[in-house]
Amino acid sequence: MGEVAVKEFWRWKEYNWHDENKDWKGAATITAGVDVGSVSSQAVIMVDGELYAYSNMRTGSDSPDSARKAMNWALENTGMTLDDIHYVVGTGYGRVNVPFANRAITEIACHARGGNYMYGPTVRTILDMGGQDCKAIRCDERGKVTNFLMNDKCAAGTGRGMEVFADLLSVSIEDVGDMSLDVEEEPEPVSSTCVVFAKSEATSLLREGWSKKKVLAAYCSAMAHRVVSLLDRIDVEKDFAITGGIAKNSGVIKRLEDELKIKSLTSKYDTQIAGALGGALFAKSLVEKERKKGA
Amino acid sequence: MITAGIDMGAKYIKVLLLKDGEIVVKARESAGFEPLEAADNAFDNALSKAGLKRDDVNFICATGAGRSAVPFANDTVTEVSASARGTMHSHPSTRTVIEVGAEEGRAVKCDENGKVLDFAVNEKCAAGAGSFTEAMSRALEVPLEEFGKISLTSNKNIPMNAQCAVFAESEVVSLVHAKTPKADIAKAVHDAIASRIVSMVRRVGINKDVALIGGVSYNPGFVDSLNRGLEVEVIIPEDAEYVGALGAAIIAEERGK
Chain H
0 MGEVAVKEFW RWKEYNWHDE NKDWKGAATI TAGVDVGSVS SQAVIMVDGE
50 LYAYSNMRTG SDSPDSARKA MNWALENTGM TLDDIHYVVG TGYGRVNVPF
100 ANRAITEIAC HARGGNYMYG PTVRTILDMG GQDCKAIRCD ERGKVTNFLM
150 NDKCAAGTGR GMEVFADLLS VSIEDVGDMS LDVEEEPEPV SSTCVVFAKS
200 EATSLLREGW SKKKVLAAYC SAMAHRVVSL LDRIDVEKDF AITGGIAKNS
250 GVIKRLEDEL KIKSLTSKYD TQIAGALGGA LFAKSLVEKE RKKGA
Chain W
0 MITAGIDMGA KYIKVLLLKD GEIVVKARES AGFEPLEAAD NAFDNALSKA
50 GLKRDDVNFI CATGAGRSAV PFANDTVTEV SASARGTMHS HPSTRTVIEV
100 GAEEGRAVKC DENGKVLDFA VNEKCAAGAG SFTEAMSRAL EVPLEEFGKI
150 SLTSNKNIPM NAQCAVFAES EVVSLVHAKT PKADIAKAVH DAIASRIVSM
200 VRRVGINKDV ALIGGVSYNP GFVDSLNRGL EVEVIIPEDA EYVGALGAAI
250 IAEERGK
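Taken in order, these protein sequences are the chains called H and W. Counted from 1, the first sequence has number 220 at position 221 by numbering that gives the first Met the number 0; the numbering is strictly sequential. Counted from 1, the second sequence has number 93 at position 94 by numbering that gives the first Met the number 0; the numbering is strictly sequential.
Just so you know, the hints here were simulated from the structure itself, not pulled from any lab data. Predicted model only: the values in this text are computed from it and were never measured. Just so it is clear, CB atoms sit at the ideal spot from N, CA and C, and this is done for glycine as well. A couple of the hints might just be wrong.
What the hints assert, rightly or not - A partial selection of chain H residues facing chain W, derived with a Cβ cut-off under 10 Å: (1) Ser37; (2) Asn76; (3) Gly78; (4) Val195; (5) Ser199; (6) Val227; (7) Ser228.
What the hints assert, rightly or not - With a straight-line cut-off of 25 Å between C-alpha atoms, the simulated DSS-like cross-links for lysine-lysine are: (8) W:Lys114 / H:Lys211; (9) H:Lys213 / W:Lys123; (10) H:Lys68 / W:Lys178; (11) W:Lys123 / H:Lys152; (12) W:Lys18 / W:Lys114.
Claimed, not checked - Some residues of chain W that are not near chain H, with every Cβ distance over 12 Å (derived): (13) Glu102; (14) Asp110; (15) Ile149; (16) Ile157; (17) Lys207; (18) Pro219.
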């Protein structure tokens with residue numbers, strides 16, 4: 000008997016991208032941001048203030064190693080090496096453990112700055128729904144943080160909570176959102192806040208004959224509700240944007256928008272790179288400042 | 000007079016029969032997905048062990064989260080009252096009862112008659128309940144029984160950063176990857192849940208004697224961490240898991256008169 004591969008439904012796809020039409024060799028400024036989160040890590044490379052390459056991977060148990068891996072993957076097939084990058088900013092939960100970073104900046108500041116770039120200067124509220132935390136950030140037209148609130152104590156309302164549910168229901172994490180919207184009637188949200196208890200509740204609902212879709216709808220709705228109560232404490236001001244992995248879950252986003260009665264902006268950029276992108280933008284400002292001083 | 004106490008716990012249903020104040024029999028059934036069916040089975044089990052029929056029981060009192068759904072119960076009583084009365088039965092000097100079950104934790108302050116003066120409950124978050132240790136022992140791939148024991152062999156203090164059970168699971172996995180001995184991880188887990196319980200108990204005050212009841216009291220690693228956290232040696236009544244059912248049966252005796 001061979002080993003039976005168990006499908007890990009929570010396991011989202013890791014990926015990298017670079018702009019093949021861009022020639023970076025003559026660039027004046029090449030900067031990077033590396034966001035080592037508690038669940039995922041991203042590296043973003045910017046060439047003269049424009050997005051050039053990025054990667055998104057699962058964070059391993061070792062932060063420096065995760066940072067290196069994300070960076071190397073973003074650099075893959077670009078012909079660029081770490082030495083070509085003028086300035087690197089580390090951010091995220093593991094920001095002090097990015098060995099090749101010139102500086103560490105908090106993920107709150109980076110998300111606001113990245114969100115400003117991704118969604119434009121009209122954004123005043125950014126909700127970052129990350130792997131192990133959820134942040135509501137208010138910012139000005141330059142992407143400077145004016146206020147923020149976060150939950151990083153409890154898995155309810157985080158990506159990790161959603162992964163647990165995807166696994167419980169054997170539904171690929173990428174499919175959760177759309178499946179949850181495919182219900183005839185919106186069920187009551189799952190009543191337990193704690194993800195551990197919500198799991199038992201969901202199991203009981205399945206036993207009662209609820210379809211997976213209906214249970215997912217009940218969970219997505221509970222998550223949306225939970226996040227709205229965080230947002231209520233910070234006063235959502237338009238324009239509103241959502242970043243992070245959960246921003247890709249239509250089931251949570253639709254319910255969240257309905258409850259808030261505010262539509263969120265969409266962007267051509269990947270919602271998971273906001274932090275690293277902000278880091279790369281800070282890096283650009285910093286390297287330019289240093290050059291001015293030197294001149 | 001024969002009375003029954005039924006404790007509808009999140010994980011186990013406990014039944015206890017009392018005859019003129021003396022414990023006749025105890026029975027337990029996994030709650031599973033059909034807690035009412037399990038309650039029926041546990042009750043029948045207890046009756047057959049005692050050689051009794053349902054008609055022989057004068058009064059039945061149910062307690063626990065699903066208490067109001069038990070069709071054959073004559074009355075219900077809150078977990079808080081049942082825990083206090085059940086504990087006082089064997090340990091009348093108790094003034095603080097700590098109960099840690101699968102999905103909740105409680106601290107009850109009571110007077111010399113077992114009357115409840117104040118209480119604090121956590122039923123919202125797994126971080127202060129038995130589910131937490133269970134999830135961690137699974138993450139560590141150590142059976143729960145052993146998990147409690149190996150914890151006692153460690154003298155390391157590794158703080159857990161995560162409070163949430165879901166996040167703590169990832170933290171345990173990281174500790175395993177970092178080659179941390181399992182005993183040290185087990186102790187870190189027990190210290191973490193004990194510290195949540197201690198802060199809950201502080202809300203009602205730590206008044207001696209302090210008793211610990213509920214299924215998690217069977218875990219020596221947790222008890223050790225709790226004693227250190229409280230700076231008090233807790234009393235653990237015999238069959239601490241059945242104390243709620245006992246309290247309900249005692250209250251049934253009063254109400255059935």
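For each hint, the structure was consulted:
{"no.": "1", "hint": "Ser37", "result": "7 Å, holds"}
{"no.": "2", "hint": "Asn76", "result": "30 Å, violated"}
{"no.": "3", "hint": "Gly78", "result": "34 Å, violated"}
{"no.": "4", "hint": "Val195", "result": "4 Å, holds"}
{"no.": "5", "hint": "Ser199", "result": "8 Å, holds"}
{"no.": "6", "hint": "Val227", "result": "18 Å, violated"}
{"no.": "7", "hint": "Ser228", "result": "14 Å, violated"}
{"no.": "8", "hint": "W:Lys114 / H:Lys211", "result": "46 Å, violated"}
{"no.": "9", "hint": "H:Lys213 / W:Lys123", "result": "23 Å, holds"}
{"no.": "10", "hint": "H:Lys68 / W:Lys178", "result": "22 Å, holds"}
{"no.": "11", "hint": "W:Lys123 / H:Lys152", "result": "14 Å, holds"}
{"no.": "12", "hint": "W:Lys18 / W:Lys114", "result": "23 Å, holds"}
{"no.": "13", "hint": "Glu102", "result": "6 Å, violated"}
{"no.": "14", "hint": "Asp110", "result": "32 Å, holds"}
{"no.": "15", "hint": "Ile149", "result": "22 Å, holds"}
{"no.": "16", "hint": "Ile157", "result": "15 Å, holds"}
{"no.": "17", "hint": "Lys207", "result": "32 Å, holds"}
{"no.": "18", "hint": "Pro219", "result": "23 Å, holds"}
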